[in-house]
Amino acid sequence: MDVPDSVIKACQEGDQAAFEELIRLTHASVYSLSLRIVGNPEDAAEVTQDVFIKLLRVIKQFRGDAKFSTWLYRVTSNVAITLLRRRSRRNVEVRMEPEDWSLLPAVESSDPAVTAEQHSLRARLDAAIASLPEDHRTIVVMKDVYGLGFDEIAEQLKIQEGAARVRLFRARQKLRVLLRDELAAG
Amino acid sequence: MSEKAEVMECAHAREHFPAFDQKEFSPQVLAHLERCEDCRTQLAEYRVLQAGLASLADIDLQPPSWLLGTITERVAEAARRRAVIEETRKQLGRATTVTTRQFGEHRVAAGSALGLAVLAGAVLFGRSKRHGVKVAA
Chain A
1 MDVPDSVIKA CQEGDQAAFE ELIRLTHASV YSLSLRIVGN PEDAAEVTQD VFIKLLRVIK
61 QFRGDAKFST WLYRVTSNVA ITLLRRRSRR NVEVRMEPED WSLLPAVESS DPAVTAEQHS
121 LRARLDAAIA SLPEDHRTIV VMKDVYGLGF DEIAEQLKIQ EGAARVRLFR ARQKLRVLLR
181 DELAAG
Chain B
1001 MSEKAEVMEC AHAREHFPAF DQKEFSPQVL AHLERCEDCR TQLAEYRVLQ AGLASLADID
1061 LQPPSWLLGT ITERVAEAAR RRAVIEETRK QLGRATTVTT RQFGEHRVAA GSALGLAVLA
1121 GAVLFGRSKR HGVKVAA
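Top line first, the protein sequences correspond to chains A and B.
The letter at position 134 of the first sequence is residue 134 when you use my numbering, and the numbering goes up by one with no holes.
The letter at position 47 of the second sequence is residue 1047 when you use my numbering, and the numbering goes up by one with no holes.
What the hints contain is simulated information worked out from the structure, not anything from laboratory work.
For clarity, every value in this text was computed on a predicted model and none was experimentally measured.
Be aware that a few hints might be false.
[Claimed, not checked] With a cut-off of at most 30 Å between alpha-carbon atoms, the simulated DSS-like pairs for lysine-lysine come out as follows: (1) B:1090 with A:54; (2) A:60 with B:1090; (3) A:9 with B:1023; (4) A:158 with B:1023; (5) A:67 with B:1023; (6) B:1023 with A:174; (7) A:67 with A:158.
[Said to hold, decoys possible] With beta-carbon atoms standing in for the labels, derived distance ranges: (8) A:94 with B:1092: 21 to 27 Å; (9) A:64 with B:1114: 56 to 62 Å; (10) A:66 with B:1015: 31 to 37 Å; (11) A:159 with B:1066: 33 to 39 Å; (12) B:1115 with A:16: 37 to 43 Å; (13) A:120 with B:1025: 30 to 36 Å; (14) A:95 with B:1066: 42 to 48 Å.
[Said to hold, decoys possible] Output of the computed footprint for chain B on chain A, the stretches with three or more beta carbons under 8 Å from beta carbons of chain B: (15) 19-25; (16) 46-57; (17) 60-67; (18) 117-124; (19) 138-151; (20) 172-179.
Don't be surprised by glycine CBs; every beta carbon is placed ideally from N, CA and C.
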């Protein structure tokens, strides 16, 4: 996700056109993270819309201490977790079947390093993550995929940092078993 | 080393592998890894897994085609609403400032009137005393 500093600055000054540019540049990344956390396209689309409405309010709080992408991932995971909580209160969980993840098309990357083989690995990894229980899936996505820190993960999930580490540990064990054949070949 | 002891060593070492990137292995685990190819393989699998997971962040999933337009519309609507709220807030702020100023002016006027009334009362009281007029309490 590449967002020029000038676009971020203009957004912070209330420039509507710059904000539209920001949406265009980042909505696929926000949608992808949301989908990986909430597990179905409808909820992911709802989270994505809510993230940008929230950004209108909070973008001034971005001070450039971290990368913009990391900051945006933090905002996104926060909105996605709020939706998970709402959903769990209603006792509703709608998830795509793990095998359906391989049918999801990926955005064509401009990066030549992203090969067809990586796209195929992507589908298998996404399917394996999707088959994890929600608490394990959330932590793998936040930590191992998007690189958020244990402190902020623990804060967002309202758990102790130690508990977050244990969840990640268990989730990695499960993923290794699920993907053993692929990993052995890799 | 007996087969049983070796299995126990493997089990002990493997307990640490999923957290391989969070803390260093003890000398015992490292020594076991030197000896045990199966454990080296398993550790390598965790490393490959983590590298694969980290690479996912660079591959975005295709959002539905309607999403960009919907976000843009909803954000524009939210921005309009925010602008109206901001404007109302500013106007309320101005109105509050004016009211406070007016209240201040009224306070000065009321204070002056009270002062004058007290002065007038004192003058009247003094005169009535001088002329021996009884003033009703």
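Looking at the structure, which of the earlier hints fail to hold?
Numbers 3, 8, 12, 14 and 17 - these are the hints that the structure violates, sorted from lowest upward.
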